[in-house]
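For the sequence shown, the positions run 1 to 500 when the numbering used here is used.
There may be inaccurate statements among the hints.
[Said to hold, decoys possible] Each computed SDA-like pair below joins lysine to any residue, with the alpha-carbon atoms no more than 20 angstroms apart:
1) Lys-343 <-> Asp-156
2) Lys-199 <-> Ala-253
3) Lys-465 <-> Ala-169
4) Lys-124 <-> Cys-445
5) Lys-113 <-> Lys-392
6) Lys-85 <-> Phe-438
7) Lys-442 <-> Glu-384
8) Lys-113 <-> Leu-206
9) Lys-165 <-> Glu-384
10) Lys-428 <-> Asp-350
11) Lys-202 <-> Lys-124
12) Lys-113 <-> Lys-92
13) Lys-442 <-> Arg-131
14) Lys-465 <-> Glu-384
15) Lys-92 <-> Val-123
16) Lys-428 <-> Ile-341
17) Lys-85 <-> Gly-441
18) Lys-353 <-> Lys-465
19) Lys-343 <-> Lys-498
20) Lys-343 <-> His-153
21) Lys-113 <-> Glu-103
22) Lys-428 <-> Gln-334
23) Lys-202 <-> Asn-174
For the record, the hints were derived by calculation from the structure and aren't laboratory data.
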Amino acid sequence: MDSYDFLIILFKTLLISVTLSCLVRKLRDFKKAPPGPWGLPLVGMLRSLSKTNSILQMVEFKKKYGKIFSMKVGYFDTVVISDYKLIIEALKKDEFQGRPDFEVWQIRNGGEKNRGILFSDGVKSWHEQRRFALRNLRDFGFGKESMEGMMLHEVDELVKLLKEKEGEAFSLRNHFNCSVFNSLWYIVSGERFELDDPKFQKFIGLFSGYLDKLPLFSPSHLYPWPAKYNVARRGLWKQYQIANETVLSHIDAVIDHHVKTYEAEVNRDFVDVYLHQHFGNNSEGTSFSTKEGLSHLRITLMDLFAAGTETSSTTLHWAVFFMCKYPETQKKLQEEIDNVIGKAPVSREDRTKLPYLEAFTNEVHRRASLIPLSVYHKVLQDCEFAGYHFKKGTIVYPNIYDAHHDKDFWGDPENFRPERFLNSEGTKTVSKEALMPFSTGKRICLGETLARDTLFYFITGIVQKFSFQLDPSSDDVDIDPPKPNFIKGPYNFQVVLKSR
1 MDSYDFLIIL FKTLLISVTL SCLVRKLRDF KKAPPGPWGL PLVGMLRSLS KTNSILQMVE
61 FKKKYGKIFS MKVGYFDTVV ISDYKLIIEA LKKDEFQGRP DFEVWQIRNG GEKNRGILFS
121 DGVKSWHEQR RFALRNLRDF GFGKESMEGM MLHEVDELVK LLKEKEGEAF SLRNHFNCSV
181 FNSLWYIVSG ERFELDDPKF QKFIGLFSGY LDKLPLFSPS HLYPWPAKYN VARRGLWKQY
241 QIANETVLSH IDAVIDHHVK TYEAEVNRDF VDVYLHQHFG NNSEGTSFST KEGLSHLRIT
301 LMDLFAAGTE TSSTTLHWAV FFMCKYPETQ KKLQEEIDNV IGKAPVSRED RTKLPYLEAF
361 TNEVHRRASL IPLSVYHKVL QDCEFAGYHF KKGTIVYPNI YDAHHDKDFW GDPENFRPER
421 FLNSEGTKTV SKEALMPFST GKRICLGETL ARDTLFYFIT GIVQKFSFQL DPSSDDVDID
481 PPKPNFIKGP YNFQVVLKSR
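Sequences and hints are given; from them, build the entire structure.
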């Protein structure tokens, strides 16, 4: 045997050894991985999940594979956690604090990774930006009396607009969107829009229209090339691009105005405070410095509007739907508010005196399960959890819908029953561990306090002034849509209101 033949044999032996080693490692990982459905080549379970009620399909998968199951969805390996205790435990882990590398999110960020807060990985910049936003948004209103006057003004403006619709059938959808957006816009920029401004309504329609139609499992998210090469689903993708550009143009105008009129001693709003940090001497070496800082500000503002406006307005839409669907619940709300507040403006101090209102809001959160699979998490490094191996890069879906509809915990999850959140005397609300409308753990929703304030003031304000009923054309509308989207809203029902 000459040296050439020897080298060939050696190379083949090494190749076979390496291949076998990789196969053994893959098999070992496969055995440790959560069980789950196989799906089709290239698409995995994406086609099946896109064509059915994916939430109900998750229920069946849990019955078959257990509380933790895996599946290939498009380009990504995914794991679904369908148990509230496991969700709480998992989302405490540092390894689960990432966000998927969706091309759509990078395009939104101007081609950059890890910008802003909502879709940024659990890296240093995310910690800095989230900590700063929490502290300073609180100073500008989150959970403070200074925000009460602004909220009450927005409620009054909405009530005026709704009075013009009295007696006719109409949809509340865009009315709530505009009012909630105004509340957030004021904190950020110190300005507000008139609710009947056609340009403002068009802007909100663009912004909300895309989020309202975004599928729970979107091919433009779950494959990198449709967004990268602009071949995603044309109608929805075009709407996303227009909405994204429109919102960012408004945000850029606000930032540009603040930069041009910046004064170191003046704090007009959140943007000013951010610019203090950006221009300050203590920003060097942080995510606030140089152009990166303004890029983070731009996307953080986008995060606040995307996460805050659509979620709160859709929750309000659900609240009215449940009031119409269950008139006895609406009557109890009216009686409690009439007895405690009467016709006077609501104040923060009234909150603890309105236990049924809080119980009702909690039950709306639970029954609606607005974001059924939460905002996707990503595994940052290989780890073990609950006896299974989780590979780096795996997308983790915390099944919030399952937590909110766990029969063992809730008993009658399909029933709308606010009393489940009250003590036996009906005088105080009781917390429930399985209720997690704002997710849980280290990435719990940044705007939870604002969202709770928004719902409190708006629900109280409209229940004080109006009685609601479904238009006969909407009487047979089901509670759950057949194919829930990423943000799970009710059918676009028609309502008729009457002044009280």
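Hint check results:
no.: 1; hint: Lys-343 <-> Asp-156; verdict: holds (13 angstroms)
no.: 2; hint: Lys-199 <-> Ala-253; verdict: holds (16 angstroms)
no.: 3; hint: Lys-465 <-> Ala-169; verdict: holds (17 angstroms)
no.: 4; hint: Lys-124 <-> Cys-445; verdict: holds (18 angstroms)
no.: 5; hint: Lys-113 <-> Lys-392; verdict: holds (17 angstroms)
no.: 6; hint: Lys-85 <-> Phe-438; verdict: holds (15 angstroms)
no.: 7; hint: Lys-442 <-> Glu-384; verdict: holds (19 angstroms)
no.: 8; hint: Lys-113 <-> Leu-206; verdict: violated (25 angstroms)
no.: 9; hint: Lys-165 <-> Glu-384; verdict: violated (56 angstroms)
no.: 10; hint: Lys-428 <-> Asp-350; verdict: holds (13 angstroms)
no.: 11; hint: Lys-202 <-> Lys-124; verdict: violated (37 angstroms)
no.: 12; hint: Lys-113 <-> Lys-92; verdict: violated (23 angstroms)
no.: 13; hint: Lys-442 <-> Arg-131; verdict: holds (11 angstroms)
no.: 14; hint: Lys-465 <-> Glu-384; verdict: violated (54 angstroms)
no.: 15; hint: Lys-92 <-> Val-123; verdict: holds (15 angstroms)
no.: 16; hint: Lys-428 <-> Ile-341; verdict: holds (17 angstroms)
no.: 17; hint: Lys-85 <-> Gly-441; verdict: holds (12 angstroms)
no.: 18; hint: Lys-353 <-> Lys-465; verdict: holds (19 angstroms)
no.: 19; hint: Lys-343 <-> Lys-498; verdict: holds (16 angstroms)
no.: 20; hint: Lys-343 <-> His-153; verdict: holds (16 angstroms)
no.: 21; hint: Lys-113 <-> Glu-103; verdict: holds (9 angstroms)
no.: 22; hint: Lys-428 <-> Gln-334; verdict: holds (17 angstroms)
no.: 23; hint: Lys-202 <-> Asn-174; verdict: holds (10 angstroms)
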